[in-house]
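Colleague: Put chains B and C on the given structure of chain A with help from the hints.
The chain contents come next:
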Amino acid sequence: MRKFKLKTKKQHQQLIWLWWGLLALLLVLIIFAPVIFPESNTIDYARQLQKPSLQHWFGTDEFGRDLLSRVFNGMRTSLLYSLIIEAIALGIGLMVGLVSGYMGGRIDGFFSYIMNVFQAFPTTVAAIALIAVLGTSDLTLIVVLSVMGWVAYARIVRSETLIFKERDFVLGARASGANSVYILGKHICPNVLLPVLPLATLMIGHGIMAIASLSFLGFGVQPPNAEIGLMLKDSAMFINRAPWLLVGPGLVLAMVVALINALGDAIRDKLDPQQQMVEL
Amino acid sequence: MKTESVLKISNLNTYFQTPDGNVLAVCDVDIEIKKGEIVGLIGETGCGKSVLGESVLKVLPENAVSTGSILFQNEELMDLQQKRMREIRGRKIAVIPQNPSEALNPLIKNKKQIFEAIDHNQKQLGSDKKKQAIGLLKKMHFKEPGQVLDSYPHRLSGGMKQRVLAAMGLCGNPSLLIADEPTKGLDAIVRSQVIETLMLFKENTGTAMMLITHDLNFAVKVCDRIAVMYAGELIEMGSCSEIYNKPIHPYLMGLFMAQPENGLVPIEGTSPSLINLPQGCRFHERCEKASEKCRHFHPQMKKLTLTHEVRCWNP
Amino acid sequence: MKKIIINRIVMLIPTVITIAFLAFSIMYFSPGNPAEILMHYRNPEGGTDPAALAHYEEMLGLDDPFLTQFQNWFTGIVSGDFGESFKTGNPVAEEFFYRIGYTLMLSLTGLFFSLIIGITLGFISAEFKDSWLDNLLRLTQSIKMSIPSFWLALFFIYIFSTQLRWFSAFGYNSPKDLILPGLVLGLSNSSRMVRLVRTCILEEKGSGYVYTARVKGLSENQIFFRHILKNITLPIITLTGVSLVSMIGGSLIIENIFGLPGIGTYLVSAIMAKDYPVSMGFLFAYGVIIVFINLFIDILYQFVDPRVRDCANAEI
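Chains as they are written, first to last, in this note's numbering: chain A, 731 to 1010; chain B, 338 to 652; chain C, 160 to 475.
Next comes chain A alone, as it looks inside the complex (with noise of 0.2 Å):
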């Protein structure tokens, strides 16, 4: 029997308030950014790729400005994206998952249908084919990756609405006479939402890395707008004069980024004990 040392609950509680402060840090940097960071745009040549410095963190990139400025303006602008389309994913995957699981049938089929023709394109893929027909612009990429974002949250929703709408309190509320409008909004509404939380959370994670793949090959965000992938997308042209310039837009989107996962994941804890045993 091998001998092993459990960490005390209290010194795992500590070390999870150390995570949830970075992130909370990380958040008011990026929330603050334009105020923090002002000088994002401001182009000198004189200082061109600059290695990190104190002045300078995460070094210059090819027009001479700061990388760190950068950095959290552009983050921010994902992060604001990614809340944008996961509202709007969340809004068509409610309203479709609760429609198609309350009423079954004919149209429940239909619906679980065009998740399925939905779920064959890869979302890169299927982003790209839409922006070709939209344009490449901010706004198209908010639209494209809500239209493939909801089938996630439609598929989530439908199957908890199957089980709440058999449940005592609902059947009681069909019973006395309650529309089924009222009772989707009024039951099953609230009810379906907690269990969507976790997802909810990681999904913005999701959001935030197809934001930059998408900007990192061209179709996302627009210079002169910054945004991690477009950044990248310009290091990477510098990668043998300057590799130091894909350390600090990759370090701050992996931090934001396992961050936010992992308060998906403790929000998944405190929904769902049982899942909680397994992971001890």
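Hints in this document: simulated from the structure, not taken from any laboratory.
Among the hints, erroneous ones may be present.
Short derived list, chain B residues pointing at chain C, Cβ under 8 Å [unchecked claim]:
id, residue
1, L394
2, R428
3, N436
4, Y489
Pairs of lysine-lysine, DSSO-like flavour, derived with a Cα cap of 30 Å [claimed, not checked]:
id, chain 1, residue 1, chain 2, residue 2
5, B, K466, B, K480
6, B, K420, C, K364
7, B, K448, B, K539
8, B, K467, C, K389
9, B, K460, B, K476
10, B, K448, B, K480
11, A, K781, C, K303
12, A, K1000, C, K288
13, B, K448, C, K389
14, B, K521, C, K389
15, B, K466, C, K364
From the three backbone atoms N, C-alpha and C, an ideal C-beta is built for every residue, glycine too.
Modeller: Chains B and C in isolation, oriented as in the chain A frame:
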């Protein structure tokens, strides 16, 4: 009285280390099983009875620590390495695991799973193995053993699975059978089959048995002696008739009252958490007869007759 | 068994038609006149001659209603004719079959790495559960999950191509050039695999049949190789399918970075060049490939799990 003892557990303690503290699942248990004897171990879910069985077999999870002495045929199991333990498991100690529906690997044919048990005892040729496996299944009253061998476990009913598991236990020459909750979650018809299974097993091997169950009626029907566990410790032990006719511990009396034929009177309250055990008698919070003494001092096992012992201040 | 498979394929026909419809409408509704674009490619110095334009418009059947155009295109596909590229004039099907090999090889290399990494690390993580090693591995996985694949690609190019010069950074000359992109693809998809393998092994270890095997006297090694490994293949197969799908999608970006001549690179350049037949054909092909991977995984599942096999047989 002077029959040889197969298993002698003394002073056994088993606890689990968890982030919330140590869970004391088995505390100071002393129990002896003699040759050919059927001893029932009764208690509600979570009282540590299954952990006791697992401690004997040394198949506890990694975060468990076990101390004390377990003598099996005069060999101290506590000192044995896992390698030597494996030779005892499946050969000298057979086990019928709890929950037969999950105790067979759903993706492997019954044949292979039985062969594994046979191979563990003695490497054999394929054809001999098959012959032996069919023999074993016949002993467990299977009508078409060949078909059972060639199918996957999900084709078998719960009772059949249990008999397959019992057949695996038969292939060694066990002198002890540990049956863990053999009747849990089974309907009445299958339950009577289980008794038949156990009796068949005994008939075939003459083994001693440790029957872990929460089913009092079942235990009374089958066992020679019964030990009752509550919150990790033995609270009463005696011959079957003593336990049935003269239950002494208030918890045991409560258990009898909770049986369907006695009107299903439940015992008030719930068993204490095994992490924060109460001071004094572990049952005092739920006991009507509890006195001041019970609240502050922990009772020891007291012998009432040669075979009947109880852990109570007010017997 | 054969009947089930045929049945499943027949059920896929409507899905495939819908995919074709979507792929066609995306390109149909995109801005720009295909005839103009085609004319421009065929005759770059030709300018805008209305007569020539009308000729190209008629050739493409642009005057037909939407559904007729779709029908024409789709009947072409069914008979293997995807049309010709505006840009090169080559048949789209030819371009596709020339390139799909690279994409599949890249995805399979990625899958290979992700399985190797996932199973090994997942096993280690489960075996040394809650130790510092396990914690470290789990932390690494969550960080890796948050790193975009293109960043990992750039990082690897810097380390292995520009610094160590082990691999070439761009283009395809030999199968060796698939190792680096495959590794990137595999790594960025392996986190879920590691997690899944770890959780499954731990779950199976606590299951009833493992307890049975243990009390039967089998050693931990025998239990792992004979019992647990077989049972964790089911979730691994499911995730393998999901991974393969996400890798075929992810290969698009990796191909572009490493300059591999796969369908992803070609699709991106075709979309940028408004090469409609190629874009439609490749988009459709992506969808169909993924539908068939899912089908294949379903069928594979039935081979491994006797319970599912029995259910499927009963259905027919």
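Colleague: Now look at each hint and say whether the structure bears it out.
Modeller: Now for the hints, and whether the structure bears them out:
1. Annotation: L394 (chain B) was flagged as interfacial toward chain C, and the flag holds, the nearest CB pair being 6 Å apart, inside 8 Å.
2. The restraint placing R428 (chain B) at the interface with chain C holds, with a minimum CB-CB distance near 6 Å, inside the 8 Å limit.
3. At about 5 Å, the closest approach between the beta carbon of N436 (chain B) and any beta carbon in chain C falls short of 8 Å, and the interface hint on this residue holds.
4. Interface restraint check: Y489 (chain B) against chain C, minimum CB-CB distance 4 Å, threshold 8 Å, status holds.
5. Taken as a hint, the K466 (chain B) and K480 (chain B) pair is honoured in the structure, with Cα atoms around 19 Å apart against an allowance of 30 Å.
6. As the CA atoms of K420 (chain B) and K364 (chain C) are separated by approximately 19 Å, the hinted pair is consistent with the 30 Å bound.
7. Pair hint K448 (chain B) plus K539 (chain B) holds up; C-alpha atoms about 23 Å apart against a cutoff of 30 Å.
8. Taking the CA atoms of K467 (chain B) and K389 (chain C), the gap is about 23 Å. The hint holds against a cut of 30 Å.
9. Between K460 (chain B) and K476 (chain B) the CA atoms are separated by roughly 21 Å; this keeps the pair inside 30 Å, and the hint holds.
10. Only pairs whose Cα atoms come within 30 Å are accepted, and K448 (chain B) paired with K480 (chain B) is accepted, the gap being roughly 16 Å.
11. Between K781 (chain A) and K303 (chain C), the direct Cα distance comes to roughly 26 Å. Compliance with the 30 Å bound is thereby established for this hinted pair.
12. A hinted pair counts as satisfied when its Cα atoms are at most 30 Å apart, and K1000 (chain A) with K288 (chain C) qualifies at roughly 22 Å.
13. With a CA separation close to 16 Å, the supplied pair K448 (chain B) and K389 (chain C) stays within the 30 Å bound.
14. Proximity of K521 (chain B) to K389 (chain C) is assessed by CA-CA distance (about 28 Å); at most 30 Å being required, the pair is judged to hold.
15. Restraint check: the Cα-Cα separation between K466 (chain B) and K364 (chain C) comes to about 28 Å, which is no more than 30 Å; the hinted pair holds.
Checked against the numbered hints given earlier, this structure breaks none of them.
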